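**Student:** Each chain, written out:
Number of protein chains: 2
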Amino acid sequence: MSAVLSNNAGFVAWRSLQQERVEQALSAWVSADAPAGLGEAMRYAVLDGGKRLRPLLALAACEAVQGDAAAAMRAACAVELIHAYSLVHDDMPCMDNDVLRRGKPTVHVQFGEAQALLAGDALQALAFELLVPDDGSMAGTLSARLCRQLAQAAGAAGMAGGQAVDLASVGIALDRPALEAMHRLKTGALLQASVMMGVSTATVDAAVQAHLSAYGACLGLAFQVVDDILDVTTDSATLGKTAGKDAASDKPTFVSLMGLAQAQAYADQVLDQAHGALTASGLAHTDTLHALADWVGRRVS
Amino acid sequence: MSAVLSNNAGFVAWRSLQQERVEQALSAWVSADAPAGLGEAMRYAVLDGGKRLRPLLALAACEAVQGDAAAAMRAACAVELIHAYSLVHDDMPCMDNDVLRRGKPTVHVQFGEAQALLAGDALQALAFELLVPDDGSMAGTLSARLCRQLAQAAGAAGMAGGQAVDLASVGIALDRPALEAMHRLKTGALLQASVMMGVSTATVDAAVQAHLSAYGACLGLAFQVVDDILDVTTDSATLGKTAGKDAASDKPTFVSLMGLAQAQAYADQVLDQAHGALTASGLAHTDTLHALADWVGRRVS
Chain W
985 MSAVLSNNAG FVAWRSLQQE RVEQALSAWV SADAPAGLGE AMRYAVLDGG
1035 KRLRPLLALA ACEAVQGDAA AAMRAACAVE LIHAYSLVHD DMPCMDNDVL
1085 RRGKPTVHVQ FGEAQALLAG DALQALAFEL LVPDDGSMAG TLSARLCRQL
1135 AQAAGAAGMA GGQAVDLASV GIALDRPALE AMHRLKTGAL LQASVMMGVS
1185 TATVDAAVQA HLSAYGACLG LAFQVVDDIL DVTTDSATLG KTAGKDAASD
1235 KPTFVSLMGL AQAQAYADQV LDQAHGALTA SGLAHTDTLH ALADWVGRRV
1285 S
Chain X
985 MSAVLSNNAG FVAWRSLQQE RVEQALSAWV SADAPAGLGE AMRYAVLDGG
1035 KRLRPLLALA ACEAVQGDAA AAMRAACAVE LIHAYSLVHD DMPCMDNDVL
1085 RRGKPTVHVQ FGEAQALLAG DALQALAFEL LVPDDGSMAG TLSARLCRQL
1135 AQAAGAAGMA GGQAVDLASV GIALDRPALE AMHRLKTGAL LQASVMMGVS
1185 TATVDAAVQA HLSAYGACLG LAFQVVDDIL DVTTDSATLG KTAGKDAASD
1235 KPTFVSLMGL AQAQAYADQV LDQAHGALTA SGLAHTDTLH ALADWVGRRV
1285 S
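As you go down the protein sequences, you meet chains W and X in turn.
In terms of the working numbering, the first sequence has 1044 at position 60, counting the first letter as 1, and numbering is strictly consecutive.
In terms of the working numbering, the second sequence has 1181 at position 197, counting the first letter as 1, and numbering is strictly consecutive.
Simulated from the structure, these hints should not be mistaken for lab results.
Since the structure is predicted, the reported quantities are computational estimates derived from the model, not experimental observations.
Take the hints with a grain of salt, since some may be wrong.
[Said to hold, decoys possible] Some, not all, of what chain X presents toward chain W, calculated at C-beta under 10 Å:
no., residue
1, N991
2, A993
3, G994
4, A997
5, Q1002
6, A1025
7, A1111
8, V1149
9, A1157
10, P1161
11, A1268
We put the CB at the ideal spot given by N, CA and C, even for glycine.
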């Protein structure tokens, strides 16, 4: 079933269209006007034709709940800016010291470390700014809710906290629960927030929210398991980033813990749970969310 | 007049009380629970008994407009978290490479560069999180407005942009308008936002807002002129940070541009403008804001 969903012509067309819309929105919102080359560095970090998984999740979740599409586009771009800033900082010499990202020199290689640090900082601020338009287009309560979801997912109890655990785990034999707990923070929180910020653009009852939240959690976990698989099965050119770096840096992964075949089986199992949570939501318009789960699970880069 | 105001016993007592309240609020909100030592690094960066100028401005502005005191305390701590994160990142080797801050080793010296980077990132997220409590204590429209003011002051059109200009200005002969434009972004935007976020906790007519905004702008400029004066007139032990570093790093300052005596006269002139703007607001409860302006202008560290 899965391969069919993400290869479905309707989904492929939807994805291309939304990727293009997200690219245009990001290009409009991340201004080149910021002084002293800062805007250029910010745009370089963001406008790289990435997969835009997080924005697509926000937009598809909005469709599933028939929410406010304009608000969802702001949410979609806000989560992408948080993701983009985290990559900029994560690539810096004091963190992963990576020189290649999506096939291009990383931001600090291109613009210097100081500018990369500032560009990341400014992108985080801009993410929140997108959620609080001053043109009256978004109710204050919705703005506040989206800011809360984003701040919690990005901060010490989310992404930043997960990165701290990741740093501290090099060379340590984490067991699977500990590895999952780390990834739930490091990548899972923002992926789940992408879904739930899309959901927040409509009024949805708590039970449906819980199913969509479970979908987001499963998708986040599947994303990471597949990431670990691709790190050992795919070359750098295909990935657009340095392959094999988990093993090289002695970091625990699902593959190092379970072996390749078991990790693949686990990814499939978690994806099934994601599909199951969507079905359990009882919502009518979840085809795109189903297809996105398969897209995450079947991706090759 | 000025010296009298900031030495006034009532102001000194108010300042001590509010500094203590801010310290307690920050201690409660910056949790040690963040994983893998991140919470510890965040608390180290924030809970250092700083002067808390930005929080005091927000609280005093709230008093001046008779606003919502609980909301003002959240705003006060949010601006302080942005300030604290900017110091952590600014001190890093790729930026100012400073090892001493408020008399203590800087965060990256104490916890390593990677943890310092993450602690700064997490503090920025937490700043926004403080403005969107989920306990119903703040109206969504107020949360959204405070987030907007903070994001604009912290981002590419504010603090981060000013830092980019600062980086680019080393060894360049800026004239006074260019130097002021840089500082208006780098330090002025957040100081002015501190005032205006306090103002946002009440409904205030546009003319009064404009006067308070002018007060914030003048105070921000005076702060920087005095900072440049202290950098050449005061030793590191008194400053709690490395003195003389502007000259050492060949950065333009008001002192290098105007000379010491002229810079002092200019600080006095700008402070007079700050007092004048407060008087022009016609508000009854501006004694503390007046005293804070003098505190900034007459400080010795």
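**Student:** Could you run down the list of hints and mark each one as holding or not?
**Tutor:** Right, here's what the structure says about each hint:
With a least beta-carbon distance of about 37 Å to chain W, the hint placing X:N991 at the interface is violated under the 10 Å criterion. At a threshold of 10 Å, the smallest CB-CB gap from X:A993 to chain W is about 39 Å, leaving the interface hint violated. Annotation: X:G994 was flagged as interfacial toward chain W, and the flag is violated, the nearest CB pair being 36 Å apart, outside 10 Å. Violation of the interface hint for X:A997 is found here, the shortest Cβ-Cβ separation to chain W being roughly 35 Å, above the 10 Å cut-off.
Given hint, X:Q1002 at the interface with chain W, is violated; its Cβ is 25 Å from that chain's nearest Cβ, farther than 10 Å. Look at X:A1025: its Cβ gets to within about 8 Å of chain W, closer than 10 Å, so that hint holds up. Against a cut-off of 10 Å between C-beta atoms, the interface hint on X:A1111 holds, since the closest Cβ of chain W lies about 8 Å away. The closest approach between the C-beta of X:V1149 and any C-beta of chain W is roughly 5 Å, which is under the 10 Å cut-off, so the hint is satisfied.
For the restraint placing X:A1157 at the interface with chain W, the shortest Cβ-Cβ distance is roughly 16 Å, beyond the 10 Å limit, so the hint is violated. With 10 Å as the threshold, the beta carbon of X:P1161 stays out of range of chain W, its nearest partner Cβ sitting at about 14 Å, so the hint is violated. A hinted interface residue such as X:A1268 counts as satisfied when its beta carbon comes closer than 10 Å to some beta carbon of chain W; here the least separation is about 29 Å, so the hint is violated.
Hint violations for this structure: numbers 1, 2, 3, 4, 5, 9, 10 and 11, all remaining hints satisfied.
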